[in-house]
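A.B. asks: Here are the chains, one letter per residue:
There are 2 protein chains.
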Amino acid sequence: MEAKGQVTAEKYAADISSIREAQVRISSFIHRTPVISSETLMLLLEGIYSLNVNVSRKAALSLAAKLRGIPAYIVVPKNAPKCKVENVKRYGGRVIWSEPNLRSREDMATKVLQETGAVLLHPYNDGRTISGQGTISLELLEQAPQLDTIIVPISGGGLISGVALAAKSINPAIRILAAEPMGANDAAQSKAAGRIITLPETNTIADGLRAFLGDLTCNCQLVVKNCQLFEDLVDDVITVEDKAIVEAMRLCYEILKVVVEPSGAIGLAAVLSDDFRNNPAWKDCSNVGIVLSGGNVDLDVLWGSFRK
Amino acid sequence: MEAKGQVTAEKYAADISSIREAQVRISSFIHRTPVISSETLMLLLEGIYSLNVNVSRKAALSLAAKLRGIPAYIVVPKNAPKCKVENVKRYGGRVIWSEPNLRSREDMATKVLQETGAVLLHPYNDGRTISGQGTISLELLEQAPQLDTIIVPISGGGLISGVALAAKSINPAIRILAAEPMGANDAAQSKAAGRIITLPETNTIADGLRAFLGDLTCNCQLVVKNCQLFEDLVDDVITVEDKAIVEAMRLCYEILKVVVEPSGAIGLAAVLSDDFRNNPAWKDCSNVGIVLSGGNVDLDVLWGSFRK
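If you read the protein sequences in the order shown, they are chains V and L. Its first residue numbered 0, the first sequence is counted upward by one per residue in numbering that gives the first Met the number 0. Its first residue numbered 0, the second sequence is counted upward by one per residue in numbering that gives the first Met the number 0.
Any given hint could be a false lead.
Any copy will do: because identical chains look the same in the list, a pair fits if it lies in one copy or spans two.
[Unchecked claim] The list that follows gives simulated cross-link-like pairs (lysine-lysine, BS3-like), each with its CA atoms no further than 30 Å apart:
(1) 282 x 110
(2) 282 x 65
(3) 81 x 242
(4) 77 x 65
(5) 77 x 88
(6) 190 x 88
(7) 65 x 81
(8) 282 x 242
(9) 110 x 88
(10) 110 x 242
(11) 110 x 81
Everything labelled a hint here was simulated from the structure, so no lab data went into it. Every value quoted in this text rests on a predicted model; they were computed, and no experiment measured them.
Build the full structure now, drawing on both the sequences and the hints.
C.D. replies: Below, the structure is given as structure tokens:
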């Protein structure tokens, strides 16, 4: 059997070197994200798993630009959570509104580039973004080298690409599982179909997970053939209902004492799901790391979701 | 001028040795609490301070007892937040209800001791509790040795006694400031009067800070004379309004991404207060640590407080 997850440098838009370079570049601006272990969550999981949670608190792009004195224009869909917009402004970013669809976002971004001469930094479909996100694995595995599995939210695929590239470079045997909301399950459908599936619409509370796989993450530099990403780097996709996401979010608040948005809590929802726990393929996952990212919560909306 | 804050072993119910012993004893059961630094909070403070926040996530007594197979009876006032009661039960504690006043709590505790032969562990008026809480300073100063000031919530005085004892043993020059809600400001009043003041009632959202200074923390083994605690260990008391507490709690959620209860956020409220920032006495505090403890939040109540 050919080893799954072997990572070579030329194949993808990012690799362990570009990820380590990103780590060095950002090291003076960021704080090392703590890994949280929870006895209580382990009890909830009937003591099966040793659970390590990496809480990602990435320095916002706006802040990074501000620290270097560069203007940052952030294209934001009109239906973005208020708190995300406020965070962009707080860190000095200039908000450019778009309609809440991918086409309008790309059109607005193109317009901004033309008018300002700015350089595009795509939120996931960009080797630099993927390299930066790969630093999560470096931090996580430095603090919890015993992990045999990492669960990562999937949306555009940038986060999981970076995490998988770095993790499998360090430990080729490590399993990378994607967690995806049922109402935006294009990755699961793409995996089943063996080609990129783009959904006509999405319906999930996890607003950060409504994007679709990009060509870099799914069918261009990052892969040999369409959706090779899954073959190479992602061992499986676990889909979860919004209700389970909200329940996982509540556990994060009540047990881990960590503020995460729905998109950020989905990895915990996946670990707690029957799909994961009863699947014989994951029976020997005994040291599971979960990437919780991010933490932009509208407190009013949060309350509404807990009340449902 | 006599050096303030010199700590000798015999004087108090706890000291740096008992605190280090506590640390060793609990080391296999707890996880090191991460210190969080925040650029954004520093920006809010106009770049004056370097801010380190110690997020306390103490293993609950119930859990400690459960791990050792000992029954734990926890006397809980009827008006305690639902989540605290649920946490006690989750960790295997047996809840004994009392009326919401100190007298009834002590009566119920005495009754339980008589009926069960249990041993009393007072929530703050006990050298063992104080030693355990002192481990917070060990963790904090190991991770942020540059601190010149630590701000700690004050209620019964156990937490601040432990933190101050350990911190001043390690660095006698370190300043210890107490943060107290305006509606339960017995420590500030006691300090001003030079004797213990007990309030007829308290009125604050910070339910964890409604207790009064105990005799150990204020006038018995821990002190030479009444309220010597303040002379020896606490450099000042900063009182804050509930509104400022809620605002600080919101900042913890939105910026630090940490779940704290109102009592836990009060130290941040104190740092942000004009009383602290405009006081010439604290002008040279340039590396401030804040103890955020604890994180028992009723999510429904939280939402209500943010909406006000």
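A.B. asks: All the hints need checking, so say for each whether the structure fits it.
C.D. replies: Here's how the hints hold up against the structure:
With identical chains, the CA atoms of residue 282 and residue 110 are never at most 30 Å apart, being 50 Å at best within one copy and 49 Å at best between copies. In this assembly of identical chains, the alpha carbons of residue 282 and residue 65 lie at most 30 Å apart only when taken from different copies (28 Å versus 46 Å within one copy). Taking the closest pair of Cα atoms, residue 81 and residue 242 come within 30 Å of each other both inside a single copy (22 Å) and across two copies (22 Å). Proximity of residue 77 to residue 65 under the C-alpha cut-off of 30 Å is restricted to the intra-copy arrangement: shortest distance 23 Å within a copy versus 50 Å between copies.
Proximity of residue 77 to residue 88 under the C-alpha cut-off of 30 Å is restricted to the intra-copy arrangement: shortest distance 15 Å within a copy versus 44 Å between copies. Neither within a single protomer nor between protomers do residue 190 and residue 88 lie at most 30 Å apart by alpha-carbon distance, with minima of 37 Å and 43 Å respectively. Taking identical chains as interchangeable, the C-alpha atoms of residue 65 and residue 81 lie at most 30 Å apart only when both belong to the same chain, with a minimum of 21 Å there against 43 Å between chains. For the identical chains of this complex, residue 282 and residue 242 are intra-copy neighbours only, at 24 Å inside a copy versus 50 Å across copies, given an alpha-carbon limit of 30 Å.
In this assembly of identical chains, the alpha carbons of residue 110 and residue 88 lie at most 30 Å apart only when taken from the same copy (20 Å versus 57 Å across copies). For the homomeric pair residue 110 and residue 242, neither the shortest alpha-carbon distance inside one copy (38 Å) nor that between copies (44 Å) is at most 30 Å. For the homomeric pair residue 110 and residue 81, the shortest alpha-carbon distance inside one copy (24 Å) is at most 30 Å, but the shortest distance between copies (52 Å) is not.
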